[in-house]
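Chains as they are written, first to last, in this note's numbering: chain Z, 1 to 294; chain E, 1 to 234.
Heads up, a few of these hints could be off.
What the hints assert, rightly or not - Here are the in silico distance ranges between beta carbons for each label pair: (1) Ala93/E with Asn272/Z: 36 to 44 Å; (2) Ile130/E with Ala288/Z: 19 to 27 Å; (3) Pro73/E with Arg170/Z: 40 to 48 Å; (4) Glu169/Z with Pro73/E: 53 to 61 Å; (5) Gly164/E with Arg293/Z: 20 to 28 Å; (6) Phe216/E with Arg172/Z: 43 to 51 Å; (7) Gly60/E with Phe276/Z: 36 to 44 Å.
To be verified - Stretch-level coverage of chain Z by chain E, calculated; a stretch enters the list once three of its residues show a Cβ under 8 Å from a Cβ in chain E: (8) 188–194; (9) 245–255.
Please keep in mind that the hints were generated in silico from the structure rather than gathered at the bench.
Cβ coordinates follow ideal geometry from the N, Cα and C atoms, glycine included.
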Amino acid sequence: MTQLFGIPVAVILGQLMLGLVNGSFYAMLSLGLAVIFGLMRVVNFAHGAFYALGAFAALLGLQKLGIGYWPALVLAPLAVGALGILVERLLLRHLYQLDPLYGLLLTFGLALMVEGSLHQLFGSSGESYPVPAQLQGVFNLGFMILPIYRAWVILASIIVCFSTWFVIERTRLGATLRAATENAPLLQAFGVNVPLLVAATYGGGVALAALAGVLSAPVILVNSDMGSSLVVVVFAVVVIGGMGSILGSIVSGLALGMIEGLTKVAYPEASNIVVFVIMALVLILRPAGLFGRE
Amino acid sequence: MTVEFLRVSDLHAFYGESHILHGVDFTVNRGEVVTLLGRNGAGRTTTLKALLGLVGSRSGSVMINGREAIALPPHRIAHLGVGYCPEERGIYACLSAEENLLLAPPVGSGGLSLAELYAMFPNLAERREIQGTRLSGGEQQMLAVARILRTGARLLLLDEISEGLAPVIVQALARTIQALRERGYTIVMVEQNFRFAAPLADRFYVMEHGRIVEGFAAAQLPGKMAMLHEFLGV
Ligand SMILES: Nc1ncnc2c1ncn2[C@@H]1O[C@H](COP(=O)(O)OP(=O)(O)OP(=O)(O)O)[C@@H](O)[C@H]1O
Ligand SMILES: [Mg+2]
Chain Z
1 MTQLFGIPVA
11 VILGQLMLGL
21 VNGSFYAMLS
31 LGLAVIFGLM
41 RVVNFAHGAF
51 YALGAFAALL
61 GLQKLGIGYW
71 PALVLAPLAV
81 GALGILVERL
91 LLRHLYQLDP
101 LYGLLLTFGL
111 ALMVEGSLHQ
121 LFGSSGESYP
131 VPAQLQGVFN
141 LGFMILPIYR
151 AWVILASIIV
161 CFSTWFVIER
171 TRLGATLRAA
181 TENAPLLQAF
191 GVNVPLLVAA
201 TYGGGVALAA
211 LAGVLSAPVI
221 LVNSDMGSSL
231 VVVVFAVVVI
241 GGMGSILGSI
251 VSGLALGMIE
261 GLTKVAYPEA
271 SNIVVFVIMA
281 LVLILRPAGL
291 FGRE
Chain E
1 MTVEFLRVSD
11 LHAFYGESHI
21 LHGVDFTVNR
31 GEVVTLLGRN
41 GAGRTTTLKA
51 LLGLVGSRSG
61 SVMINGREAI
71 ALPPHRIAHL
81 GVGYCPEERG
91 IYACLSAEEN
101 LLLAPPVGSG
111 GLSLAELYAM
121 FPNLAERREI
131 QGTRLSGGEQ
141 QMLAVARILR
151 TGARLLLLDE
161 ISEGLAPVIV
171 QALARTIQAL
181 RERGYTIVMV
191 EQNFRFAAPL
201 ADRFYVMEHG
211 RIVEGFAAAQ
221 LPGKMAMLHE
231 FLGV
């Protein structure tokens, strides 16, 4: 069998592929965080909680209402996005005049409340969500057996991330959003309803997190802690990509997933910390992040 | 027939604790070009910002086209038909020249089309793909003016548009203002450059310490030169 540094190439490719699946979630989550931070200067600590809510919405939709995976993929992000808009209108908007730290504290508190409530209601053991019938089975790639569902996660994430990038960087709506990020008061003086734009952006970013949550439901155990464990890594991804950078968050999300995968084969003990080591290095060498503007 | 388009009464404006405008009163008729003169720091920029709701807080009355705007948020004020060209020009670095031009949404009917604007400002047509802030100072100023002509705004608030520009550009801008006035726009100009403003304006107001201290028509200008000299050093 072909080897690279004494490790079978098939094993390396396999871990790269699994890393890419994780990276898909990192990318979708850090993308939403980056958009929200870029426009609102809010470090949205509740992002992981909204991700969990997306997964729970899909799970409950299936169990209580018989709503299947495909409709849930649309409905759960819509419901969670609407909740996000409510949070922005009722709570966050009062904090924009203050130090950004207050937004961070508020969303951190929200995350604790949401996760605590989920824990209270559903316990800590977690529940599995069935893989939809159309995506069951595996691909035999030669070097590995890849479950079709995981391939779908990668594909869906790339489509979602690219579409978001396209809307922000290439459309009139996106130009308005970018302008609001640069100078919102002037944009409002031109007649753009900036408060509405901000609420919709928060709702959109949070809906992306919920979409990631629905996508993840069939590959993990849906449980109250699923967000908090992930969101720490995702924040590191955002810092590495450059706070507020759209492309940076997508590329570093996917890349760091793969780097984690590679570390699992090369030096498994470090696989949980490699992202943070990279973050530390980036902060020292290029504090604005790999794609951030200095 | 003169129709009042803008009436500002007892306008006070604050940035946080600082009280900047202390009861500003003036009116602008439809189709008029009115210039706000004053020393640095007199409060002219703040007056324009206060009309738009861009200051910390404000009180008094701002009637635009017959509607009270003092309690409206900035985006609603814009939709009363107001276009704003800020002192710092406000060209967005994250947008190309053309994206800057297309940024502001329509606030009234009869805005100029992209083709008309490019005919008016040919430089902008050539540079449409360039990042907005990479244009020359003069081009950025043209862009900032062109941007609000697209929206159908009828009341234009122009803050120091001649500032820091080469004489040929200033002349081109003067011709632009003249053309806009012939098209019936209502214009409030803040100007430091008295020579630029003098031949364009129908009426003048002079500001000092956050108040209007003088108002007169263009015909009275010769008799006011001594006073202007004292206030502005022109
Ligand atoms: N954001 C702000 N916060 C606090 N004070 C301000 C702010 N902007 C302006 N001021 C103060 O308000 C006063 C009026 O400023 P303004 O910019 O309106 O003057 P101006 O007449 O436009 O003069 P110029 O443009 O020539 O400087 C000045 O004393 C200025 O220091
Ligand atoms: Mg000024």
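We went through each hint and held it up to the structure:
no., hint, result
1, Ala93/E with Asn272/Z: 36 to 44 Å, "holds, 39 Å"
2, Ile130/E with Ala288/Z: 19 to 27 Å, "holds, 24 Å"
3, Pro73/E with Arg170/Z: 40 to 48 Å, "violated, 29 Å"
4, Glu169/Z with Pro73/E: 53 to 61 Å, "violated, 28 Å"
5, Gly164/E with Arg293/Z: 20 to 28 Å, "holds, 26 Å"
6, Phe216/E with Arg172/Z: 43 to 51 Å, "holds, 45 Å"
7, Gly60/E with Phe276/Z: 36 to 44 Å, "violated, 55 Å"
8, 188–194, "holds (count 7)"
9, 245–255, "violated (count 0)"
Checked against the numbered hints given earlier, the structure breaks hints 3, 4, 7 and 9 and satisfies all the rest.
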